[in-house]
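Each protein sequence line maps, in turn, to chains A and B. Under my numbering, the letters of the first sequence match residues 7 to 685, in that order. Under my numbering, the letters of the second sequence match residues 8 to 329, in that order.
To be clear, the hints were calculated from the coordinates, so they are not data collected in a lab. Keep in mind that this is a model prediction, so the values were computed, not measured. Mixed in with the good hints there might be a few duds.
[Unchecked claim] Just a few of them, taken from the derived set where beta-carbon distance is under 8 Å, the chain A residues facing chain B:
1) Phe199
2) Pro322
3) Val323
4) Ser325
5) Tyr537
6) Ile544
7) Leu577
8) Ala580
9) Gly581
10) Ala598
[What the hints assert, rightly or not] Per the computed footprint, the stretches of chain A lying under chain B, defined by three or more beta-carbons under 8 Å from a beta-carbon of chain B, are:
11) 28 to 36
12) 136 to 149
13) 188 to 198
14) 350 to 364
Ideal Cβ positions, reconstructed from N, Cα and C, are used throughout, including at glycine.
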Amino acid sequence: MQATAARPLDPAQIRALGVLLVAAQLPLVVHLPIWVAAFGLFVAGLRFALLRRDGRLLRTRPARIPSWALALFAVAIALALRKSYGYFVGRDPCVAFLFVLAGIKFLEIRTARDGTLLACLAMFVALTPFFYSQSLLGGLAMLPAIVAAGVALEALARREPGATDPSMRSAWTRSASLIAQGLPIAAGLFLVFPRLATPLWGLPADHAAQSGLSDRMAPGSISELSLSDAVAFRVTFDGPPPRPADRYWRGPVLSLFNGREWRALPPRPGGSLARGDRPIRYAVTLEPDDHRWLFALDLPSSLPVADSGSVASSGPVASLARDLQLVTRTPLTRPLRYVQESILGTRHPVASADELRIDARMPPGNPRAVAFAQALRSEHPGDRDYIATVLRWFRDQPFHYTLQPPLLEDHPVDAFLFDTRRGFCEHFASAFVVLLRAAGIPARVVTGYQGGEINPRGGYMIVRQSDAHAWAEAVVDGQWQRFDPTAVVAPSRIERGLYGSVPASDPVPLFARGDSGWINNVQLALDAINYRWRRNVIEFDHDRQRTLWRNWGLDGFPAWQAAAVAMAAVLAWAGAVFAAFAVKRRRGERTARLWNALCRRLARAGLPRPAWEGPIAYASRAAKRWPQFAIAFGAIGDAYAMLRFGPVSDDERSALVATLARAIEVLPSPAALRATAHT
Amino acid sequence: MTAAVLTWTARLRQRAFRSRPADRAPVVLRHSRIYILPTRRGFAIIATLILMLLTSLNYALSLGLALTFFLGGLVAAGLLHTFRNLAGLEIKPLAGGEAFAGEPLAFSVALAAGAIARRAIELRAAGVMASVSLVPYATQAIALRVPTQARGRIALGRITLSSDQPLGLWRGFAYVHFPLTGVVFPAPELNAPPPPAGAEGAGERTAGASADSELAGLRDYQPGDPLQRVAWKAVARGAGWFSKSFEGSGGQGTVELAWAPLPAALAVEARLARLTAWVLACERAARPFALTLPGVQLRPALSREHLREALTALALFDADTR
């Protein structure tokens with residue numbers, strides 16, 4: 007055993023391992039820093055180049071890079087990763103390190119034992135892209151690595167270099183066929199292998215760049231987000247979806263202002279659910295964004311409940327904060343599907359006096375805006391009157407709604423209100439709230455999404471990052487009321503989405519352009535597939551699995567019965583695979599049967615075959631004896647020799663067996679043959 | 008009671024390990040004989056799959072589980088193929104060979120593939136290994152060359168047939184134990200003195216060991232001439248059958264080889280070595296010889312069978328029974 011582990015690998019085996027490694031590495035490339043991806047692939051490519059050179063030069067000693075240099079390499083890479091990510095012990099740098107390490111290992115593999123290690127490494131690397139994306143495309147991208155794993159293992163198991171399999175099929179076909187045979191096992195395990203309801207070990211908090219809304223907002227942060235086509239969440243409505251103007255998806259509420267940037271308060275309990283008739287019921291599938299808030303239509307009238315396809319399996323997944331934010335206990339690292347109810351409305355009660363105090367605070371700075379507000383306030387002492395005047399002022403002044411606002415330096419609200427007058431929703435919401443607070447009216451910024459596109463193919467709504475929006479809430483008559491200054495400046499933003507409301511020259515993301523014809527259609531079709539993929543494959547978790555078991559009547563089975571069922575299933579699988587083998591063998595047996603029958607017939611006709619005589623010699627002897635059947639005998643000899651000794655594919659085999667059978671049918675009975683023998 | 012239990016356990020042991028040479032030819036490998044265990048690489052891959060499984064479960068990576076189970080299915084299918092590579096294989100003992108001590112002794116067995124191709128089947132026995140791949144319906148004789156040291160009868164012992172194809176993750180093996188034995192002749196003494204002179208024409212002979220092998224000419228073959236003397240080249244040319252006649256052959260003088268006249272100083276094995284050398288010398292010179300050992304008496308003759316009989320008698324000579 008020791009000797010076989012230390013056996014040196016031949017170039018074909020190294021090449022097969024390299025193909026496995028690259029097939030495992032490629033899907034990960036898009037999730038890595040560019041230099042890591044380039045370096046890992048470069049190292050693998052280097053080994054291929056060395057192999058080629060060795061092959062060309064036919065040297066006795068293949069080119070080798072010393073192990074200490076590779077170890078040094080690995081340490082240097084680790085340090086570079088530490089510098090690039092800012093930390094090393096964490097999922098992302100470790101994945102990147104594994105990626106490069108596998109490449110370095112490939113550079114130095116020599117023995118069969120190295121080959122085993124590399125195969126294990128590559129298999130694990132093939133898993134890592136799923137940390138980042140579990141899309142349908144990612145699922146398809148893993149298939150080459152699986153087949154390559156079979157090819158590499160088979161190459162490693164080969165004894166004689168260059169030995170070919172008699173079946174003549176390529177290594178890839180053989181590997182794919184093995185995987186196809188293992189498919190029932192794989193599918194069965196996927197369905198019944200118990201999922202975990204809670205992780206085994208704590209998921210290390212990763213410092214990965216987060217997409218989506220955050221709990222702070224500076225000028226430019228939302229317009230930047232609006233450049234992304236990424237899906238924020240998808241919604242299925244129980245009834246008809248609300249009108250576009252009512253699609254305010256409430257997210258983080260920002261109350262703290264420092265003159266430039268808005269921030270959220272830490273969530274405090276005490277929010278009260280909206281009450282009313284005929285709530286809208288819907289299910290949201292939220293993409294994980296590593297944040298703690300869920301989105302609901304303004305105003306939420308229930309707590310979100312995880313939807314696992316079963317009847318309410320557990321309690322609510324989030325609690326309602328004082329400012330009507332739905333907040334989960336831990337940041338979301340997995341997709342979450344929850345059922346939510348809302349009452350469409352723009353007014354809700356003030357939760358506490360504390361709120362009024364905090365949301366009226368005005369930081370120093372932006373003197374022109376403050377002066378303007380105080381002047382206006384003195385003319386319009388009534389709250390309603392004042393707010394209406396401000397909104398009218400926004401409408402009448404030459405404000406522009408654009409994705410590309412100019413940069414704002416000091417006193418950004420001042421600069422926006424009185425100088426540039428070009429801005430995106432966060433500029434309008436921020437300036438509006440500042441004007442209200444300066445006039446003593448408690449107000450705050452609400453961020454979230456506004457809009458959503460119905461996918462007619464799936465009957466659900468897609469809300470993208472490009473739908474990100476910011477609006478305002480102010481206390482009027484003792485109740486919070488929604489105001490959307492953006493809607494005043496650019497009413498079409500609310501009715502027709504982003505694309506219809508910003509200048510045509512703005513870089514609106516492709517799929518936010520609702521009218522791009524066939525591209526949009528194709529995209530919607532793809533999204534429908536992705537949604538189903540997501541629902542049925544990715545989100546097949548503990549709860550869904552339990553539901554499936556319940557539907558099959560498997561839940562609550564005693565362990566021994568479950569084990570017996572599993573045993574029976576495995577046996578049935580083995581039986582099926584062996585039955586497939588038997589079909590193939592029978593084809594071979596048919597050849598033997600035909601030939602033996604022919605030999606018996608010719609023996610009775612007076613021409614026995616000695617044991618040492620080959621089929622072609624025997625057939626040509628028979629052709630001399632019975633020249634009228636020379637063609638048939640020639641075909642019989644050739645076909646049988648080819649079937650027994652030649653390399654034939656499965657198709658050729660069937661054709662040859664048919665030829666053999668037909669040619670034998672042509673011959674008359676032994677008695678007739680005996681009578682016509684030509685001596 | 009105890010005896011019954013013992014026979015029961017002994018039967019079980021025999022069934023599991025085939026420690027006694029009880030197999031009758033031919034043996035077809037069936038599931039009852041075939042064992043399958045993971046190879047080292049198999050263990051490494053399975054450990055990796057378990058690690059992948061835990062990672063996927065912990066991070067709830069459905070696609071990670073799918074990948075793991077796909078590869079798991081591959082490993083499981085590999086197991087069936089490993090089993091199939093051995094199942095239905097037929098093994099038949101052909102012959103236990105003969106060799107002089109120190110030379111490898113070839114035991115031959117035949118493998119019949121049956122209807123499917125067999126990949127890289129390894130046969131191990133008595134510390135030697137042979138590997139063979141077979142196309143469908145092929146039958147192939149395989150020689151296991153067992154090194155030898157001492158004269159006597161040696162048994163091949165238990166044969167282990169094994170294969171880790173196609174993926175190298177599982178090793179299937181089966182034990183077959185045929186009562187196959189071979190005979191190891193004593194190693195002939197190097198630079199042995201010439202054999203004693205024949206009964207007739209002893210005076211013509213000189214001390215030179217090779218004096219009797221001068222080719223004198225050809226004469227017509229007569230039935231009864233030793234095959235060693237047939238001029239095969241002439242037969243092959245189609246020229247007819249001739250026998251070679253040798254100068255100094257002493258007119259077919261019979262050589263008497265015997266245990267007793269050997270110098271008393273010679274030990275048992277040394278005597279056997281010398282007698283073996285003499286037997287071979289007589290054979291080379293095509294001179295009939297008789298062999299007398301304590302308890303063994305071979306009459307003068309010159310033939311393959313006689314040679315083998317003599318060498319076998321020397322190989323199996325038991326010093327204690329004389």
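Okay, the hints, checked on the actual structure:
A cut of 8 Å between beta carbons decides the hint on Phe199/A: the least distance to chain B is about 7 Å, and the hint holds. Taken as an interface hint, Pro322/A does not check out: its beta carbon lies about 20 Å from the nearest beta carbon of chain B, beyond 8 Å. Given the 8 Å rule on beta carbons, the hint for Val323/A is violated: about 15 Å separates it from the nearest Cβ of chain B. Restraint check, Ser325/A versus chain B: the minimum CB separation of about 23 Å is more than 8 Å; hint violated.
For Tyr537/A, the shortest C-beta to C-beta distance to chain B is roughly 15 Å, which exceeds 8 Å, and the interface hint is violated. Taking 8 Å as the C-beta contact cut-off toward chain B, the hint placing Ile544/A at the interface holds, the least distance being around 5 Å. Against a cut-off of 8 Å between C-beta atoms, the interface hint on Leu577/A is violated, since the closest Cβ of chain B lies about 12 Å away. Proximity of Ala580/A to chain B holds as hinted, the smallest CB-CB distance being about 6 Å (cut-off 8 Å).
A least Cβ separation of about 10 Å between Gly581/A and chain B goes past the 8 Å threshold, and the interface hint is therefore violated. A distance limit of 8 Å between C-beta atoms decides the matter here; for Ala598/A the minimum to chain B is near 7 Å, and the interface restraint holds. Coverage of the segment 28 to 36 of chain A by chain B is violated. Counting CB-CB distances below 8 Å, 0 residues qualify, and the rule asks for three or more. With 6 residues having a beta carbon nearer than 8 Å to a beta carbon of chain B, the segment 136 to 149 of chain A meets the requirement of three or more and the stated coverage holds.
Only residues whose beta carbon comes within less than 8 Å of a beta carbon in chain B count, and the segment 188 to 198 of chain A has 8; three or more means the coverage holds. With a cut-off of 8 Å between beta carbons, the segment 350 to 364 of chain A has 0 residues touching chain B; three or more are needed, and the interface restraint is violated.
Hints 2, 3, 4, 5, 7, 9, 11, 14 from the earlier list are contradicted by this structure; the remaining hints agree with it.
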